[in-house]
Amino acid sequence: MGMLNVKSALNGEQVNSPLLQASHLGPYKGKKGHKEFPVLSLTSLIDAFSIIVIYLLISTTANQFEVPISPTIVLPQADKGDMIAEESPIVRIEQGKFYIENTWIAESQLGKRLFELKQKLSRPDMPIIVQADQQTEFKNINPLIIASSQAGIQKIKFAVVPPQ
Amino acid sequence: MKKDLNFEVNIMPVLDILSVMICFLLLTAVWSNIQTIEVKQAVGDNNLQTGPNPPSIWAILFETGKIELSLRDLPKQFNKFPREKTIDAFNKDINWAALESSLKNLKQSIPDLKVALVIPKSNSNYGSIIKVLDQFRKVEITDVGIAPL
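Quick note, the sequences are listed as chains A and B, same order. For what it's worth, our numbering labels the leading residue of the first sequence as 1, then goes sequentially. For what it's worth, our numbering labels the leading residue of the second sequence as 1001, then goes sequentially.
Treat the hints with caution; some may be incorrect.
[To be verified] With a straight-line cut-off of 20 Å between C-alpha atoms, the simulated DMTMM-like cross-links for lysine to aspartate or glutamate are:
#1 K1040(B) to D47(A)
#2 K1114(B) to D82(A)
#3 K80(A) to E1140(B)
[Claimed, not checked] Over the 12 Å line for every Cβ pair with chain A, so calculated as not near, a few chain B residues:
#4 P1055
#5 R1072
#6 D1088
#7 L1149
It is worth saying that the hints were derived from the structure and are not from the lab. Remember, it's a predicted structure, so these values are computed and weren't measured experimentally. We put the CB at the ideal spot given by N, CA and C, even for glycine.
Using the sequences and the hints given, assemble the complete structure.
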């Protein structure tokens, strides 16, 4: 009994509770007359914030891997692309040069390096993700297709973006 | 007289944390989703497969925008079906509307058609090749490959 009547920090919080003050939108009745002022309902604000946080958390982590793209590359567009479900080595073709995981590789070494990578990762069905600018001519992509066949890579995934 | 103990959590710090989380997630969110178009390439042991080849369609892309479609390994009931079709260029580009309708018609006539081979020329545009692959996938021709030069 006595403990409940003690002036505690909890009591102070109770008196000055923002929730209590802000949980409704109604007229404030003073001693001399009617003064009305709107109060923002914090409860609904928290609801909205929580929904936004949950949406952002889900949408940024839903079965996707983050794939870095070079700022100089404009990927081609496609309607029926697949989401990237597994992490795979990225081969970038930029101005006729080949980069495996951001390391420049000479065209003649491409097949050998892809084969080594496949052995290293112990994945016989390893796919590769190819990033190239949409204006690239096929003659610049052709060495990679030949090299991947030589390395025994059956699946080539061309990186695309959905139409804006 | 016993006073009611009305316990309430202070929600101001909760609001602060939520605001910081929203700012952080907005800043770190990746807004451009990268997708992939998968092609299946032939490798050394493909000739070990036995049995008849499945029906397939080959698409030869020319620099001018012209496309030649040719059907291979069709079942006997399609003996009278036209095997070749040429789609002429439109404004120095591929006639995408004509290609789409041709592929739709072919798929309707031959539902078992699931294999395609795209044969580009050396100067073929990579964006156009991807768009052709995408057209095949739209009509459920999903086993697509690209022929090297």
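Going through the hints against the structure:
{"no.": "1", "hint": "K1040(B) to D47(A)", "verdict": "violated, 48 Å"}
{"no.": "2", "hint": "K1114(B) to D82(A)", "verdict": "holds, 17 Å"}
{"no.": "3", "hint": "K80(A) to E1140(B)", "verdict": "holds, 10 Å"}
{"no.": "4", "hint": "P1055", "verdict": "holds, 21 Å"}
{"no.": "5", "hint": "R1072", "verdict": "holds, 20 Å"}
{"no.": "6", "hint": "D1088", "verdict": "holds, 21 Å"}
{"no.": "7", "hint": "L1149", "verdict": "violated, 5 Å"}
Of the numbered hints given earlier, the model fails hints 1, 7; all others are met.
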